[in-house]
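A.B. asks: Guided by the hints, dock chain B onto chain A, whose structure is given.
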Amino acid sequence: MDLNYTPEDIAFRKQVRAWLERNLPREPIRTLAERRVWHRRLYEAGYLGMGWPREYGGGAARPMEQAIVADEMARANAPAPTNSLGIGIVGPTIVVHGTEAQKQRYLKKILTAEELWCQLYSEPNAGSDLASLKTSAVDGGDHFVVNGQKIWTSSGAIADWGLLLARTDAAVPKHKGITCFLMSMRQPGVEVRPLKQITGSSEFSEVFMTNARVDKSDQIGKLGEGWAIAQTTLGYERGGRSLARVTTYASQYHRLLDAARRLTRHGRPLIDDPLVRQKLGRIWAELEVERYSALRVLTQLERGEHPGAGGSLTKLSYSEFEKRFMELAQEILGSYGQLIDGAPAEYQLQIDTAVGENGTWAYAFLWSRAGTIYAGSSEIQKNVIGERILGLPKEPRADRAGAAR
Amino acid sequence: MNFSFSDDQILLRNSVRAALDEQCRPAHVRAMMDDARGYGETLWGEMAKLGWLGLPFAEEYGGAGLGLVELCLVLEELGRAAYPGPYFASVVLGGLALTEAGTAAQKEKWLPAIASGTARLTAALVEESLDWNPASTCATATRRGEGWTLAGVKRFVPWAHVADAVLLPARTPEGVSLFLVDPRSPGVSVTPLPGIDVGSRWSELRLHDVAVTPEAAVGPLGGAGSILEALVRRAAVGASAEMLGAARRCLNMSVDYAKVREQFGQPIGSFQAIRHRCAEMLMAVENSHAAVYYAAWALDAGAEDAALAASVSKAYVSEAARQVCGDAIQVHGGIGFTWEYDLHLYFKRAKALEPLFGDAEYHRELIVRHVA
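First to last, the sequence lines map onto chains A and B. Quick note, the first sequence lines up with residues 0 to 404 if you use numbering that gives the first Met the number 0. Quick note, the second sequence lines up with residues 0 to 371 if you use numbering that gives the first Met the number 0.
Any given hint could turn out to be false.
Claimed, not checked - With a cut-off of at most 30 Å between alpha-carbon atoms, the simulated DSSO-like pairs for lysine-lysine come out as follows:
{"id": "1", "chain 1": "A", "residue 1": "322", "chain 2": "A", "residue 2": "195"}
{"id": "2", "chain 1": "A", "residue 1": "278", "chain 2": "B", "residue 2": "347"}
{"id": "3", "chain 1": "B", "residue 1": "258", "chain 2": "B", "residue 2": "347"}
{"id": "4", "chain 1": "B", "residue 1": "258", "chain 2": "A", "residue 2": "175"}
{"id": "5", "chain 1": "B", "residue 1": "108", "chain 2": "B", "residue 2": "48"}
{"id": "6", "chain 1": "B", "residue 1": "48", "chain 2": "B", "residue 2": "347"}
{"id": "7", "chain 1": "A", "residue 1": "393", "chain 2": "B", "residue 2": "258"}
{"id": "8", "chain 1": "A", "residue 1": "175", "chain 2": "A", "residue 2": "133"}
{"id": "9", "chain 1": "A", "residue 1": "175", "chain 2": "A", "residue 2": "393"}
For the record, the hints were derived by calculation from the structure and aren't laboratory data.
This is chain A alone, in the form it adopts within the complex:
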């Protein structure tokens, strides 16, 4: 047990920090074109797709190096690159399950953000029960014809391509009839409508597919293997952002402390109120525990072990923590915490949240409600933990045996 960073890691961190000091955009990024330029610069520095194999443009870097880059970017409050789903999910899926032709065609352009990607998984009636999805892909000779609706598609509005799960066989049990495809979003049969969230912004879209077309050469894996492929790729990115996430929380926490020094109740600064101190102490303890846990997961990844269902513990822990943290921030900030514009600088967050670029406390608070729903709700994570780690029996389910419809 040695929780010191190695001299190599310390040197690498210095190098990343120096690079960021030299290269961080001086002006806030406002357009997609500007973000692509920033993305490209990060890629050329070797800071994107770091874990991908070298032969496909990656850096074959260790998990710790990836975590350090993300962590330093969080520390510098650097703008996010684009194409996060392409790099985090789609690319690794193609690397593992794709044909050589698919790898040559798609991987490099994912890394360079020449082509942006989204993930077409959830449907209006297939959320937690993703395997009940209804979007169909019907054999049309040299291609498939896709009809259906997807929802909660992040980056849907800017994506050129989508990783699609569609039903190719409705006569077999629902987990067996799903196939995975790469589908162009730039075709007449695909309509994307931004989905306005409780934040007022639209990080997600709805996607309607009406006789959309997918070439057979863009099928990933075999027919009916889509569910298994989706299962293996859900956990690819875990760990990479683990340190960065905590660093962002810590920056936000220090902003909150500053506010608690200025705000008063009954003439006394909040920071001197024992009740407030208790709450602040609790959140900092939890934040530190998240950091220790991140180091524990990184150790596993460094040893080449995949956390597997352990990723569910990580996700459950930090997403529920984030909600508690943001509830406390609101409690301390009072009405300032709800301002969506025009907040005095002292009561602005000024720190990018993981997804949004809108650095307000109100946005961060509202966004914290998403974390315990997306990528498997807390309830689904607890099912996974219960069944796959603790070995508890599955709940009797009505839908295991029969055909999808």
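C.D. replies: Quick look at chain B alone, frame taken from chain A:
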């Protein structure tokens, strides 16, 4: 960066677990409830033989020269077994304090004796106020000739009834100072304070004009504050490790039970109400593991954030263990509320440790002082 145990550490944990599985079964824990001394000499001798009693002491004092990480591995196993006995009092409270602050003569006299199991030490760290801050000490030490006369009342002194020496703070003109007192000295009375965890024996210690020699002073006069701060920090992490062990035992018992207990024609573990509770218990246990061993490592390594990490560990694990052990009773239902079923042994051990060396609130205040 390596957050996993070494092969030697795993070996140590496995051997401690195997020995306790054999010699500290629930039947042993229950038998000791009715024992006047409250612990078994056979197991105590075995602990000495296996090197557990001298684990953190230097080899020149008959110790194994290991660190707090290893000590926490042992303490976690002791919590898992709800071990009844003066291990924590003697090795952690007495032993680590002397290791840090004792004179060469004190170390030579006591550390080998602790390691061989022939002497048991303890520390009297709180008085009526239950304040873990040494500055709250009311007991006094008055000069008499070369030595001192001690007076005052200490409460919740662990295993004082079997101790050969008690480390305690008392007020001198120089400030709060530390003394090592034989509880069988004239003027000392030891009265049991029986609590819900019969495996943790506490006493009240009354000091009435107790004469001690100059050699009884530990550390510089007026220097108790920093010595005890460092000791409480280590003890807080050690107690967290023991609570972690108790919590993990409760989790494992709950999961095993939920797999076999049937209601409505199915194992109760198939119901989300139970399964989700178990998942939350596991999350609390794994987070506690990270908190305990990070803090233990930080203290061993002298890391910058060691004091903060110790407080994080005690603040987090005190509540996590309480929650997990309580949830375990809930998962079990009625059987978990019976004396006959073993669950309450671990539930009570975690509860007994919760206020010791500062409860969650105490440490949350320290955390905010560090951060703000």
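A.B. asks: Each hint should be assessed against the structure and marked as holding or not.
C.D. replies: So, going through the hints one by one against the coordinates:
no., hint, in the structure
1, A:322 - A:195, "holds (21 Å)"
2, A:278 - B:347, "holds (27 Å)"
3, B:258 - B:347, "holds (24 Å)"
4, B:258 - A:175, "holds (28 Å)"
5, B:108 - B:48, "holds (19 Å)"
6, B:48 - B:347, "holds (29 Å)"
7, A:393 - B:258, "holds (10 Å)"
8, A:175 - A:133, "holds (13 Å)"
9, A:175 - A:393, "holds (19 Å)"
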